[in-house]
Amino acid sequence: MSLRLHNIRLPLAGFTLEIDATLDRPIAGIFGPSGAGKTSLLDLIAGLRRPVAGAVQLDDRVLFDAALSLHVPPRLRRIGYVPQDLALFPHLNVRANLVYGYRLPVTENDLFALEHVVEVMEIAQLLDRNVTTLSGGEQQRVAFARAILSAPRLLLLDEPMSSLDSRLKTRLIPFLQRIRDEFFIPLIYVTHDARELAALCDEVLVLENGRLVERGLPAEVLV
Amino acid sequence: MTAEAWQIVFFTIEVSAFSTLLILPLGIAVAWLIARRDWPGKAVVETLVMLPLFVPPVATGLVLLMLFGRHGPLGSVLQHGFGLEIVFTWRAVVLACAVMSFPLLVRTAQAAFQGVSSRFEDIARTLGASEWRVFGTISLPLAMRGIVAGAVLAFARAMGEFGATAVVAGMIPRKTMTISLSIYQNIQLGHDAAALPLLFVSIGVVFVTVLCGQIISMRNRPR
Amino acid sequence: MKLTSLLLSLLISTSISAAELAVHAAASLTDAMKEIAVAYEKESGDKLQFNFGASSMLARQIEEGAPADLFFSADEAKMDALEKKALLLPGTRRSLLSNSLVIVVAADATSVPKSAADLTKAEYKKLALAEPQTVPAGIYAREYLQKVGLWDAIKEKVVPTENVRAALAAVESGNVDAGIIYKTDSLISKKVKIAVEIPAAEGPKISYPVAVLKSSKEPERAKKFAEYLAGPKARAIFAKFGFIVTK
Chain A
1 MSLRLHNIRL PLAGFTLEID ATLDRPIAGI FGPSGAGKTS LLDLIAGLRR PVAGAVQLDD
61 RVLFDAALSL HVPPRLRRIG YVPQDLALFP HLNVRANLVY GYRLPVTEND LFALEHVVEV
121 MEIAQLLDRN VTTLSGGEQQ RVAFARAILS APRLLLLDEP MSSLDSRLKT RLIPFLQRIR
181 DEFFIPLIYV THDARELAAL CDEVLVLENG RLVERGLPAE VLV
Chain B
1 MTAEAWQIVF FTIEVSAFST LLILPLGIAV AWLIARRDWP GKAVVETLVM LPLFVPPVAT
61 GLVLLMLFGR HGPLGSVLQH GFGLEIVFTW RAVVLACAVM SFPLLVRTAQ AAFQGVSSRF
121 EDIARTLGAS EWRVFGTISL PLAMRGIVAG AVLAFARAMG EFGATAVVAG MIPRKTMTIS
181 LSIYQNIQLG HDAAALPLLF VSIGVVFVTV LCGQIISMRN RPR
Chain C
1 MKLTSLLLSL LISTSISAAE LAVHAAASLT DAMKEIAVAY EKESGDKLQF NFGASSMLAR
61 QIEEGAPADL FFSADEAKMD ALEKKALLLP GTRRSLLSNS LVIVVAADAT SVPKSAADLT
121 KAEYKKLALA EPQTVPAGIY AREYLQKVGL WDAIKEKVVP TENVRAALAA VESGNVDAGI
181 IYKTDSLISK KVKIAVEIPA AEGPKISYPV AVLKSSKEPE RAKKFAEYLA GPKARAIFAK
241 FGFIVTK
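Here the protein sequences line up with chains A, B and C, keeping their order. Using my numbering, count along the first sequence one by one with no gaps and you end on 223. Using my numbering, count along the second sequence one by one with no gaps and you end on 223. Using my numbering, count along the third sequence one by one with no gaps and you end on 247.
These are calculated hints, taken from the structure and not from any lab test. A couple of the hints might just be wrong.
Subject to a maximum C-alpha distance of 20 angstroms in a straight line, what follows is the list of computed SDA-like cross-link-like pairs (lysine to any residue) [stated by the list, open to error]:
| id | chain 1 | residue 1 | chain 2 | residue 2 |
| --- | --- | --- | --- | --- |
| 1 | C | K125 | B | V77 |
| 2 | C | K125 | B | E85 |
| 3 | C | K84 | B | Q188 |
| 4 | C | K85 | B | V77 |
| 5 | C | K157 | B | F11 |
| 6 | C | K157 | B | P57 |
| 7 | C | K157 | B | R174 |
| 8 | C | K233 | C | S98 |
| 9 | C | K157 | C | A169 |
Some residues of chain B that are not near chain C, with every Cβ distance over 12 angstroms (derived) [what the hints assert, rightly or not]:
| id | residue |
| --- | --- |
| 10 | E14 |
| 11 | L33 |
| 12 | V45 |
| 13 | P56 |
| 14 | T89 |
| 15 | G136 |
| 16 | C212 |
None of the values given here were measured: they were computed from a predicted structure. Every residue, glycine too, gets a C-beta built ideally from N, C-alpha and C.
Whole structure, please, built from the sequences with the hints as guidance.
Right, dumping it as structure tokens:
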């Protein structure tokens with residue numbers, strides 16, 4: 001996959017997010033201090049925010065172009081999103097949450113069949129539970145599964161494990177690797193945890209005050 | 001309480017319930033538009049919606065009389081086009097109640113929609129939901145408690161409506177006589193004692209209604 | 001020297017002796033009383049403060065202690081009620097005027113009743129009357145309709161109003177099909193026309209009494225005004241507006 005962010009400009013509180021970069025690795029990590037604009041970057045990739053200038057292209061499809069006043073709405077982008085607070089719908093049970101964005105599997109593969117995803121994420125026993133009664137780790141896996149079930153071409157994760165302790169994080173990292181290995185969905189992963197970056201990412205982009213200040217392999221970037 | 005008094009009580013409850021049901025669709029729509037969207041003229045519309053709360057009720061009644069009277073712009077259309085008479089009929093009572101209680105419904109429902117984290121709606125969009133689906137499956141269910149509280153408030157306000165009703169519907173026995181109008185008439189006649197049962201019933205009904213509304217809205221904690 | 005002392009004494013006399021009288025009068029008297037007030041204020045130096053409304057409401061307010069010097073009612077019953085409660089200054093009550101009833105329609109109305117009986121027809125859906133249980137104009141109208149046996153047929157069409165002027169306004173606005181008001185009220189409005197005149201002989205006995213209230217703080221001034229109302233100048237003005245002045 002290739003995500004092209006071309007001369008993006010998005011004014012935020014106190015500074016402007018300015019990015020010009022192409023991401024084409026399976027798992028790209030976005031690293032930076034809080035308030036650097038990481039969430040806003042994910043928002044604009046997903047189509048939830050609209051830059052004032054620039055263009056966004058995913059593979060061969062233009063998702064946004066300021067010059068042409070072109071803005072593809074989020075529901076047509078096929079880009080999944082796991083936000084920081086997971087945003088599991090509190091009024092729906094686990095099964096209803098999972099199938100919210102469910103697209104009936106295209107015949108080529110059963111990869112995205114409900115049973116398969118549920119099995120890979122190990123949440124089969126939780127289907128009839130109310131999401132608010134789940135543990136932290138269970139909620140994570142349900143949030144991952146929900147995003148996967150919409151068969152996205154790209155998955156954005158915003159500090160998905162920030163509220164979990166390190167033991168739980170260690171247990172969950174393999175699930176993210178499964179998303180890459182079993183579902184072949186590229187990930188853009190925002191975090192401020194160096195270990196997560198080192199364990200998962202093929203490449204790290206460092207964001208500071210809305211600007212890309214460094215880019216490279218995890219080992220190079222994280223000192 | 002005499003049979004006549006019971007007729008007045010049931011009539012008041014009926015028109016209040018009918019007026020509340022009538023304003024629900026528009027009230028919810030306007031509340032959502034104010035809570036979730038920006039559009040030209042929004043401040044003007046917001047002010048217009050709130051006006052009946054601050055303008056003297058009899059003044060509002062006068063405006064309605066001028067609009068819906070037989071020679072008024074809306075009244076003449078309804079009369080000649082549909083054979084519908086508004087002023088001095090039960091329809092005018094419903095109209096007055098609807099206009100006076102509309103701002104209460106909108107204010108409460110608006111707060112309810114604002115209390116729903118927009119993250120839920122954003123994630124629903126990334127999962128492929130159209131705006132109507134987001135509204136129906138996410139925004140509305142999560143705001144439902146607040147909306148119900150708003151409807152209850154609107155009903156209570158309609159039960160107690162007096163000034164606008166007196167002007168546009170008159171105090172016609174058995175046709176437009178509400179609890180408030182009847183109490184007023186009894187005072188004018190010097191029959192204070194006859195007004196007492198109605199007074200207690202009206203306080204009682206409204207007390208129970210507002211109490212329910214309070215209970216419902218207190219359980220509607222923002223998630 | 002003479003002129004200035006004359007002016008000075010006039011100034012002193014008017015400022016010392018000027019009183020303000022609160023007069024509660026029936027709504028139907030509004031225009032006539034305002035014109036009388038202009039003449040009386042010039043003549044006497046007193047100021048008149050009016051409160052116009054339905055005699056029933058005014059009587060109720062006086063009973064509850066509203067400050068007033070004179071009460072000019074549209075029927076004897078309201079005055080009787082105050083007299084029973086000993087609120088009137090004895091010896092000041094007198095009946096001054098009478099009136100007659102008319103059926104009116106909007107000036108541009110196409111349906112015009114030729115008699116009271118026509119009001120029972122389907123084309124007259126709404127009839128404005130001052131509140132028929134309490135307000136004199138409404139009571140008179142109801143008594144007349146009861147007398148000619150039409151009340152039961154017509155009462156469902158009645159839209160009760162707070163006072164007779166509100167009934168007039170309702171007919172003017174076109175929101176009702178007809179109304180029954182005093183002849184004097186119909187004469188001041190160009191927006192209504194008289195459809196049927198109910199002769200005074202056939203109609204109910206209408207009588208407007210006036211009295212000074214015991215609670216008046218200016219009883220002598222109030223009595224003086226009541227005398228004026230019975231006098232030739234005031235009677236001429238009442239007659240001009242269409243009231244029937246009693247001997």
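Against the structure, the hints come out as follows:
This hinted pair checks out: K125(C) and V77(B) have alpha carbons roughly 19 angstroms apart, not beyond 20 angstroms. Restraint check: the Cα-Cα separation between K125(C) and E85(B) comes to about 10 angstroms, which is no more than 20 angstroms; the hinted pair holds. Among the hinted pairs, K84(C) with Q188(B) is consistent with the structure: their alpha-carbon atoms are about 19 angstroms apart, no more than 20 angstroms. This hinted pair does not check out: K85(C) and V77(B) have alpha carbons roughly 53 angstroms apart, beyond 20 angstroms.
At most 20 angstroms may separate the alpha-carbon atoms for a hinted pair to count; K157(C) and F11(B) meet this at roughly 19 angstroms. For the given pair, K157(C) sits about 26 angstroms from P57(B) by alpha-carbon distance, which is inconsistent with the 20 angstroms threshold. Restraint check for K157(C) and R174(B): the C-alpha separation of about 11 angstroms stays at or below 20 angstroms, so the hint holds. Taking the CA atoms of K233(C) and S98(C), the gap is about 17 angstroms. The hint holds against a cut of 20 angstroms.
Of the pairs offered as hints, the one joining K157(C) and A169(C) holds, with about 17 angstroms between alpha carbons and a cut-off of 20 angstroms not exceeded. E14(B), annotated as away from the interface, keeps every beta carbon of chain C farther than 12 angstroms; the closest lies near 20 angstroms. Every Cβ of chain C is farther than 12 angstroms from the Cβ of L33(B); the closest lies at roughly 34 angstroms, confirming the non-interface assignment. Against the 12 angstroms criterion, V45(B) stays outside the reach of chain C, whose nearest CB is about 29 angstroms from its own CB.
Even its closest Cβ contact with chain C, about 17 angstroms, leaves P56(B) beyond 12 angstroms, as expected for a residue assigned away from the interface. For T89(B), the requirement that its beta carbon stay farther than 12 angstroms from each beta carbon of chain C is not met, with the minimum near 9 angstroms. No beta-carbon of chain C comes within 12 angstroms of the beta-carbon of G136(B); the shortest separation is about 42 angstroms. Look at C212(B): its CB is around 35 angstroms from the nearest CB on chain C, clear of 12 angstroms, so calling it non-interface holds up.
Violated hints for the displayed structure, listed by number in ascending order: 4, 6, 14.
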